[in-house]
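K.L.:
Chain by chain, the residues run as shown.
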Amino acid sequence: DAGVIQSPRHEVTEMGQEVTLRCKPISGHDYLFWYRQTMMRGLELLIYFNNNVPIDDSGMPEDRFSAKMPNASFSTLKIQPSEPRDSAVYFCASSLGTSGRSDTQYFGPGTRLTVL
Amino acid sequence: AQSVTQPDIHITVSEGASLELRCNYSYGATPYLFWYVQSPGQGLQLLLKYFSGDTLVQGIKGFEAEFKRSQSSFNLRKPSVHWSDAAEYFCALKDSSYKLIFGSGTRLLVRP
Numbered sequence: 093d094a095g096v097i098q099s100p101r102h103e104v105t106e107m108g109q110e111v112t113l114r115c116k117p118i119s120g121h122d123y124l125f126w127y128r129q130t131m132m133r134g135l136e137l138l139i140y141f142n143n144n145v146p147i148d149d150s151g152m153p154e155d156r157f158s159a160k161m162p163n164a165s166f167s168t169l170k171i172q173p174s175e176p177r178d179s180a181v182y183f184c185a186s187s188l189g190t191s192g193r194s195d196t197q198y199f200g201p202g203t204r205l206t207v208l
Numbered sequence: 007a008q009s010v011t012q013p014d015i016h017i018t019v020s021e022g023a024s025l026e027l028r029c030n031y032s033y034g035a036t037p038y039l040f041w042y043v044q045s046p047g048q049g050l051q052l053l054l055k056y057f058s059g060d061t062l063v064q065g066i067k068g069f070e071a072e073f074k075r076s077q078s079s080f081n082l083r084k085p086s087v088h089w090s091d092a093a094e095y096f097c098a099l100k101d102s103s104y105k106l107i108f109g110s111g112t113r114l115l116v117r118p
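Line by line, the protein sequences give chains A and B. Numbers 93 to 208, taken from the numbering used here, label the letters of the first sequence in order. Numbers 7 to 118, taken from the numbering used here, label the letters of the second sequence in order.
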């Protein structure tokens, strides 16, 4: 298996622009997680999906952030409009389940976002 | 509130020396605990995890961790460090709502 795939790996944009980050989870995994990593706040969970349905989006910082999962093999995290404080590394992770042996989360390589 | 504390921001060890990275947690029930490693520019890779049973957990790359309920700790150890172990290490706790709560990380530097 190729693991969790994220694109792009790096994104540089200007303040006010729309940014879309993409994730392909491991095939067969029912859970998908979006995290943000910054120096100040470390790793934070933004949102997670179960069977394509958003379950908990309490970590999404504000309305400028939105996430979708139109099917089991694709998810997007969108920031519109982007701001310099959104600069961070965004990780996608997936897991088979959330209990016992199936709850290991496998992380993608991340997207490094820089908003100028 | 649930939390994970990694008290050491940086640790430097010589190649071949032993290693222990500290992790303390706060959680009201028996926790599920994880150690992940992040190499520069890479995602997080799972080293090992604890659910229940044997409190000494073996992981990949020669790492092990010991769960000590009385100390609320889950320290990561390796008997002999290799230069390729230089990375950032994260301890994490899974709470009842399936979220992973991460510590702030410990950056390991390895002296040749």
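Where hints are given, some of them may not hold.
Keeping only pairs whose Cα atoms sit at most 30 Å apart, straight-line, the calculated BS3-like set for lysine-lysine is [stated by the list, open to error]:
| no. | chain 1 | residue 1 | chain 2 | residue 2 |
| --- | --- | --- | --- | --- |
| 1 | A | K116 | B | K74 |
| 2 | A | K116 | B | K55 |
| 3 | B | K105 | A | K170 |
| 4 | A | K160 | A | K116 |
| 5 | B | K67 | B | K105 |
| 6 | B | K105 | A | K160 |
| 7 | B | K74 | B | K55 |
| 8 | B | K105 | A | K116 |
| 9 | A | K170 | A | K160 |
| 10 | B | K67 | B | K55 |
| 11 | B | K55 | B | K105 |
Per the computed footprint, the stretches of chain A lying under chain B, defined by three or more beta-carbons under 8 Å from a beta-carbon of chain B, are [to be verified]:
| no. | stretch |
| --- | --- |
| 12 | 132-138 |
| 13 | 153-159 |
In short, the hints are calculated from the structure, not lab data. By construction, the Cβ of each residue, glycine as well, lies at the ideal position given by its N, Cα and C atoms.
K.L.:
So which hints don't hold here, by number, going up?
P.N.:
When the structure is compared with the hints, numbers 1 and 13 turn out to be violated.
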